[in-house]
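Keeping their order, the protein sequence lines are chains C and D.
Numbers 1 to 255, taken from this note's numbering, label the letters of the first sequence in order.
Numbers 1001 to 1263, taken from this note's numbering, label the letters of the second sequence in order.
Be careful, since some hints might not be right.
To be verified - With beta-carbon atoms standing in for the labels, derived distance ranges:
#, chain 1, residue 1, chain 2, residue 2, range
1, C, 115, D, 1031, 56 to 64 Å
2, D, 1043, C, 102, 56 to 64 Å
3, C, 14, D, 1069, 52 to 60 Å
To be clear, the hints were calculated from the coordinates, so they are not data collected in a lab.
C-beta atoms are modelled at their ideal positions from N, C-alpha and C, and glycine is treated no differently.
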Amino acid sequence: MKILSRSFILPLLTFCGAIVIWELTICFSGWKTQVFPDPLTVVTSIGQLIANGTLVKHTIASLFRVTAGFYLAIFLGIPLGMVLGRNTFLLCALNPLIQFMRPISPLAWIPIAMLWFGIGEPPAVFLIFLSSFFPLVVSTTLAVSSINPTYFQVAANFNLTRWEVISKIIVPAMLPEVITALRITLGIAWLVVVAAEMIAVDSGLGYLILDSRNALRMDYVMAGMVVIGLIGLALDMAMKKLGKAEAVAWGTFSQ
Amino acid sequence: MSHIILAGLSKKYSERRKKIRDAGEQLQAQSFQVLKDIDLEFENGEMVCILGPSGCGKSTLLRIIAGFDQATSGSVLIDGKQIQGPSEDHIFVYQHSALLPWMTVSENVGLGLRSIREEKQREEKIQEYIDMVELNGFESRYPYELSGGMQRRAELARALAVDPKTLFMDEPFTGLDFLTHMRMREEVVMMHLYTEKSVLFVTHDIDDALVMGDRIVILGGRPATVLLSRKLTYPHPRKITSEPELVELRREIFFMLGVPDAV
Ligand SMILES: Nc1ncnc2c1ncn2[C@@H]1O[C@H](COP(=O)(O)OP(=O)(O)OP(=O)(O)O)[C@@H](O)[C@H]1O
Ligand SMILES: [Mg+2]
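Okay, chain D solo, but in the shape it has when bound:
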């Protein structure tokens, strides 16, 4: 659970593109602005779903809030404190697999449970999370022996096992088949209802955002600004089609992301 405030957050990357040697072209170090004046506030325990076109800066924003990257200007306050780099309170699930390839599934899941001294207790805990993502039977496999979807699930189990205050998920469902996607979505919603952790969830899937989110944030433009930040107060489990307002919002989001005919 954490209360997150972003104030006037901007991010510039210095561009290392090959210099253009055309006459008259200025050869100064160019910078490339990704995020511009992001002001957002997330309440305690909110599940925030961040949408936006590819390359608009969603991962960048998430990395900055989690302390992996620094903003060029502006501030990030978590529970009133400036962030101090990565910590076990903010576990990050990467867009690309970040399981440690030299560790088995259970060793990976156990990474965040090292503080449990009691061997047996730790193993039970590891098993609990492995069972949760239905990887039982694969505990002693290495990541390269798993399918892409299974790797994602193992990583999810590893993140959930730490029981962090805030969970950052960068498109955690990419590469999952439809059924597993639905199941994991339900699992994350249940986990969130049960633990009331704050979750920052980046996705490309508008329906994911509508079904899961307590708040939907849409980034867009170049540099990216906040196009929409709306609280959703519909109870879980949600069915988009049975809430006329959600249907309307869905149409609005499709329009905002530039694909109005896809609804």
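Just chain C, with the same shape it has in the complex:
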């Protein structure tokens, strides 16, 4: 109980402190509300955006894109990582290419993505996919290749089939590290979606921010930023919960 209240009240105090600093900055800087809106204005703007339905629409659009790109990265990246983690031949062949592609920012892909996929949903989803794919492949490869070889000997000893080796050894063994990677990667994907939406689409939180800037509505810009932050926080908390699931608890306590 004490721990629970501490993990809730301490962050709350921090947020309050941040808001106070925000207020004070405005008081002493002398910026006008149109240039740097104060917390109350932003909250009312959020209220307005919720009331006229735009905020919900844009949030859903952004979440949809992240989900699509992220799942695509999971379904392609994790199996590839598992194969590379077990097959040193393929790893040797593909790893340099992956390490070469990985540091290229997804934003650098924007021109090509638009050329290939045009305007609309596909280029945005593609950019999110790119941002999550390489980190997931690399972390999964590392997680699988560092599984204690004794477990594979046990598997051979108990005549586990190839499928059982995957489902009873590789997947559970890599899960703790892969879930940590998913948590980090989802953060990156959420970061990229806003940027992607500024160029290729006409919905989503990124679009809301860009559109509001063009209309010189800084309060809406900041409202969008606050919502992005809040959703990022919620996503991270959800992934953290996932990391505490029973299936991966052993990873925290073993060794």
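Position chain D with the ligands relative to chain C; hints supplied.
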């Protein structure tokens, strides 16, 4: 039950030590011989206890017979057949815990019972072996929630549950407290008398070997050779002190292992 013949078995590891860059030192790939010309024969259903100083190659020998590792030269015949890698007929109990940490005790024990289709029957069987090693009440615990000794017992239960033809045990009793050690020793002897499985048992404990073994093998030297392979025909339960020949053999073994004053 299996009849095991080792003929001229040798094992070399290639050494990956940092090269010595002294002038005149030859820089060729060195190999490090662990086992040399091991000739042994174990009869059907024998409990063989392998003794030897630390690092002499006991685990290596066991791994080769179980098919996890390959000999550099020589052959291993089990029931007249060359070994073909690991199988469910030769279950290995590792020196260091090899329970799967993401599975509960009963899931681990059930690993070798996957062929039993009937759910209820399988669970009964799992319970039987868990009860045998006195882990009842801990069925749904994970290995990290068990003490070191309990982990060993769970691993023992997992190995016994498969009902393999041959059981390989690499110091399975390390880390057990005295009483559990005695109890497990009795349990393994009883299991062996009852099932007549072949058991290859590596130990550091000379008394374990004398109490349990149908045959005692002593490895030693560098590279290791067979110093002694002797059949013991005393009935179970054995008491070392009541058999003058065993007392004599015990003294001999202590002498052979280089600690004559410890008797
Ligand atoms: N993979 C390996 N590569 C190189 N050398 C090895 C390898 N495994 C074992 N050795 C060497 O082989 C020798 C025998 O090792 P082994 O594990 O068989 O000893 P052991 O008799 O089981 O010892 P202990 O009683 O301490 O368990 C040791 O000197 C060790 O350094
Ligand atoms: Mg050993």
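Original post:
Which hint numbers doesn't this structure obey?
Top reply: none
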